[in-house]
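Asker: Residue strings, one per chain:
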Amino acid sequence: MIYPSGANQPGGYLTGRFSRYFSLDVLRGIALAGMLLISIREFGGFSLNQQLKLELAATGGNYQLWRVFSVLLEGKMMALLSLVFGAGIVLYFSHKKEEVSTAVTDLYIRRQLWLLFFGIVNAILLLWPGDVLFGYGVIGILLFTCWRLSPRWLLLMALLFTIIYCGKNYWNYSDDKKAYGKYLVVTEKEKQFSKDSLTRFREDSTWAAANPAAWAGKKKDTLVKRGDKDTLIRKLLNDSLIKAAAADTLTSREQDDKGAWEGLLRQFKYDSTADKGSQAAMHAGYGKIWSHLLGKTQGREAAWFYRTGIWEIGAMLLLGMALYKWHFFSSRFSRRRYLLIGLLAIAAGLALAWLRQDCRQAQLADYAVYVSARSFPASLAFPFENLLMATGYAALLLWLVRLQPALWLWKIFAAPGQMALTTYLSQTIMATVFFYGYGMGFYGHMPQWQLYAVAAEIWLIQAVFSVFWLRRYRMGPAEWLWHYLIHWKKIAVKYPAEKQGAAPVIPS
Amino acid sequence: MSNSNQPQPGTPGEENKSGSNKPARSAAPVSNAERIRTLDVVRGVALLGILLMNIPGFGLDQSAYGDILRGDHQNRDYKTFAIVTTLFEGTMRGLFSMLFGAGMVLFMLNKKDVPGGASVGEYYYRRLLWLLLFGMLNAYILLWPGDILYFYALAGMLLFPFRKWQPRWLVALAVLCIAIGFIKGQWQWSELRGKREAYHLAKAAEKEKKTLTENQQGAVAQWEKIEKQQQPDTARTNRNLRKMHGGYATVFLHMVPENSNNEIWGIYHWVWDPLCMMFLGMALFGLGFFSNKLPTSVYTLTLLLGYGVGVPLGWFYFSQAYGGAFTDFSAFVDRWRVPPFAVYDLKRVFLSLGHASLVMLIYRSRIVPWLMKALACVGQMAFTNYLMQSIFCAFIFYGYGFDYYHRLRYHQLYYIVGAIWLFQLVASVIWLRFFRFGPFEWLWRSLTYWRRQPFKK
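So the protein lines, in turn, are chains V and G. Under my numbering, the residues of the first sequence are numbered 1 to 508, in order. Under my numbering, the residues of the second sequence are numbered 1001 to 1457, in order.
Just so you know, these hints were derived from the structure itself, not from any lab. Just so it is clear, the structure is predicted and the values come from calculations on it, not from any experiment. The reader is advised that the hints may include incorrect statements.
Chain V is nowhere near these chain G residues, computed Cβ spacing over 10 Å in every case [as the list claims (entries may be wrong)]:
hint, residue
1, K1079
2, S1119
3, G1121
4, Y1124
5, L1129
6, L1132
7, G1181
8, K1207
9, S1260
10, Y1268
11, H1269
12, S1330
13, G1418
14, L1422
15, E1441
Below, a sample of chain V positions facing chain G; criterion: calculated Cβ distance under 7 Å [what the hints assert, rightly or not]:
hint, residue
16, S101
17, T102
18, T105
19, L107
20, I109
21, G295
22, G299
23, R300
24, Y306
25, T308
Glycine included, every Cβ here is placed at the ideal spot set by N, Cα and C.
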C-alpha cells in the first residue's frame, strides 16, 4: 500500500498501464478483496454476536458457509496485506538506493503519518471501526528501520513476533484458568455456607428439642414461652436459617471473583439485547452511529493495536521484508518451488485451522470443562495458522501469475491493488452508504450469502473503475491526494500524451 | 569533567561557537566537545525535579492525596503538597519534554548522512525504538507505572517531519496541541456534567413525588456510582498495600494491568501533553533560548512573565482543582462549567519557562559554578539518572526492597528526594570523570548504532 506505484518513478509507467510490481499489485488486490469479504459482515450487521449464534448452532448451510469463509479468509487476508506492506517498505527504500538519505526517510515518515491520518478519517469520520490504515501507519513507523536487516534476521524476528502473539493468547487463557480456579473456591465456600447452616440448624433443633424451656427463655419470646410447639418449631426454623443466611455473604472480593468468571462465560452466550441495541443505533442518523461506534473504534486503535495488532501485523510485515529480500515477490523462485511452498504451507495452515475449530467447538460446548481439562486455548496456534496460510496463498498466487493465464482476470485484482488506498477508502464509503442508517439502511437486513454478494458487487464496481481510471491516470484519486499531502505540491496525474491508449503490458 | 574542550561554566558565548561552527559530523554519537552546556544544566534540573512529582507515586497509595486534602491544612503534609503542586506539578516533566524536543533537533543537526549507510533519520527512529523498549522495561520490569520514556519515544516519532519548521510555526503547533488537549478534556467534562444534570432532573422529579422512569433511575444510580468512586475506598487501598508489600512477582503482576492501561490509553488520549511541550522546546531551541544565546534582559523578562503568570495560575489550580475535587466532588462538578483542571497546560508552560529562565540566569550570574557543573553532569546522564530513580525508589518502597511503601508521611518523602538528589549530583560528577557517558546512555548508544561505543575516558 505504501509502495511507490509504477507511475511515481521514471520509466515505471512506460512499461504499460500496470506498474513494474505487477505481482505485488495482484497480491494486494486479492488481499483487499478477501478482507472485504470478511469486513462486509460487520458492515452489514452480521455481528460477532450473530456469528456466535451461528457457531453455537453449528449446523446448516449458513454455518458451513460462514465456516469456510472464516477458515480461508479471516485473519489470513490481513496477513497477506501485511506481507505485501512489508515488502513495499523494502522496495520503497531500496529502489532509491543511490540516494538513501534523511530526505527519503523524511518522505517515508510523512507518508506514514498521512496514512495514519487517513486511518483516523476512515475510522472516525467515515465510520469504519475495523479500519487497518491507522495500524499500518503506526507500525510502518515503528518497524521500518528493520528493512536493512538480513532476511534471516527478519525471519527470526517475524517468528519471534508470532511466538509472542501465541504467548499472549496463552497468557489470556491462563488468566481464564485462574479465574475459573477462583470461581471454584468461591462456589465451594457458598456450598459450605448451606452445609454450615444445615449443621447449625440441626444442632439448634436438637438442642431446642432437648431443652425447650431454656431455648424459649433465650429467645425471650412470649409466644414461645407459652410453649406452643408449632410456633416454637416455626420460629426455630426461621431464626436459625435466616440468621445463617445473613451471615452467609461473600466478601466483595469474592463476589468480584465470582462475577469475573460468569462474565467470561458470557462471551460464549448469544446476547440478543446487544443485537437489538446495535440495530437501533445503526439505523439512526450519523450522529447516533458516530457515538455508537466511537468506543469500538478507539478500542481497536488503542487497545487492540497494543495488545494484538502490533504482533499480528508486525510478524507478517517482517516476514514480507524477508521474503522480498529473498526475491520471493519478483518471481525469482522456480515454479515448482512456489507450488511446493504454496501447497505445503496451506496444508499445514488448514491442519491448524481444523484443530482450532475442533477446540473452539469444545470451548463453546462447555468452557468450564474445557478450562479444567485442557492446557491450551483454541487460539494458541492461530498466529501460525495465519502466517502459514498467508504465505501459502502468496506462493500459490505468484505461481499462478507466472503461468500468466487470462490477463483480464488478473486485472480485476491488479488494478484495484495498484490504487489500494482509493480502493480501501471507497469500500468504506460504499459499504457505509449501503448499510448504515444515514444511507440506504440495509444494516442487519441481509442474510449472510447476500452480504458476500454485496461484497462481490462492490469489488466489481471497484475493479471496473480502477481499470478505466488507470487507463487515463497514473494513480488513483486518493493516491494523488496522498502524494500531494506528502510533497505539498501537485503532480500531473495524466499519462504523457503519446502514451495514451497503449495496451497494458504485464512485465515478465 | 576535566575535559579541556568543555566550555567552562560562566563563560556564556563559548557555547555559541561550539554549538554552530563545528564541522558537519557523520552519523555518530555527539562527542563531549559538542555538547551545549546550558542544555545539560536545564536537563539536570528537570531530571531532579521530576522526582518531586514522582516520589508520592512510588511511596504512597493514592488515597494519601485525598487524606491530605481533606485533613488539617496546617500540618506539614498539606503545606508540602500545596507548595510542590503549585510550583512544580507538570513543570519539570514539561521542561524535560521541551529538552527532549530540543535534543531531537540537535540530534538531527549534528550529523550528516553517510552514503551507503543508514540515514540519520533512520538512526533517529532506531534510537526512539530502543527508547520505547527502555520505557517498557522501566514500567514492567523496574515496576514504575509512571514511566514517561515510552510516551516520549512515541511522541518523538511524530516530531520528526517538523524538525525544520520555524519557531513561530512550532509555537502554533504547540498551541494546537494544547487546544486539542483542552477540547478533549472539555468533552469529557461536559459528558460528566451531563450525567450530573440527568441526576438533578431525576432528583427534582423525585421531589415532586413522580415515579421515576427507568432512564431516570439509571441516571441516579450512575451518578451515585461516580460519587462513590471519588470516596476513599479502604478495600481497594488495603488490597494495594497488601500487594505492594509483597515480593517481586506479586508487585509485578499487580502492576501489569495498570502499566498496560497507561501505555494503551495514555498514549492514545494523552499524546498531546508531551507533544505540545516538545514543539515548544523545539521552538525555544530554534530561538537560542536553551543554548544561552539570548540577552540577560530576555531571560529576566521570561522569568518575570513565567512566574508572574504561572504562580498565580498554579495556586488557582491547586486550591480550586485539587481543593474542590477532593473535598466535595458533586459540588465541584456543579460549580464549574470549565473545570479548573483546564488551566493545567497554560500554567505549566509559564512555570516551566520561569524555571528555565531562573536556571539560565543563575548559570550566567556564576554564583554557584560547582552546582551548575554538577547539574550539567546530572543532565548529561539524564537517561541513567531517570532509570536510577526508578531502581532506587522501587528498592526503597516496594515489598521486595526496604518495604517503606505507605509507611512514611507525605512530607517525609522529600527527605528521600533530597538524599537521592545528593547522590545523583555527586555520583554523576564522579562517574563522568572516568567515563564518557552514563551506563544506560552507553548501552542506548551502542544499541542505536549497533556497535560497541567507547566507554572509558
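Asker: Which of the listed hints are not met by the structure?
Answerer: Violated: hints 2, 3, 4, 5, 6, 9, 10, 11, 19, 21, 22, 23, 25.
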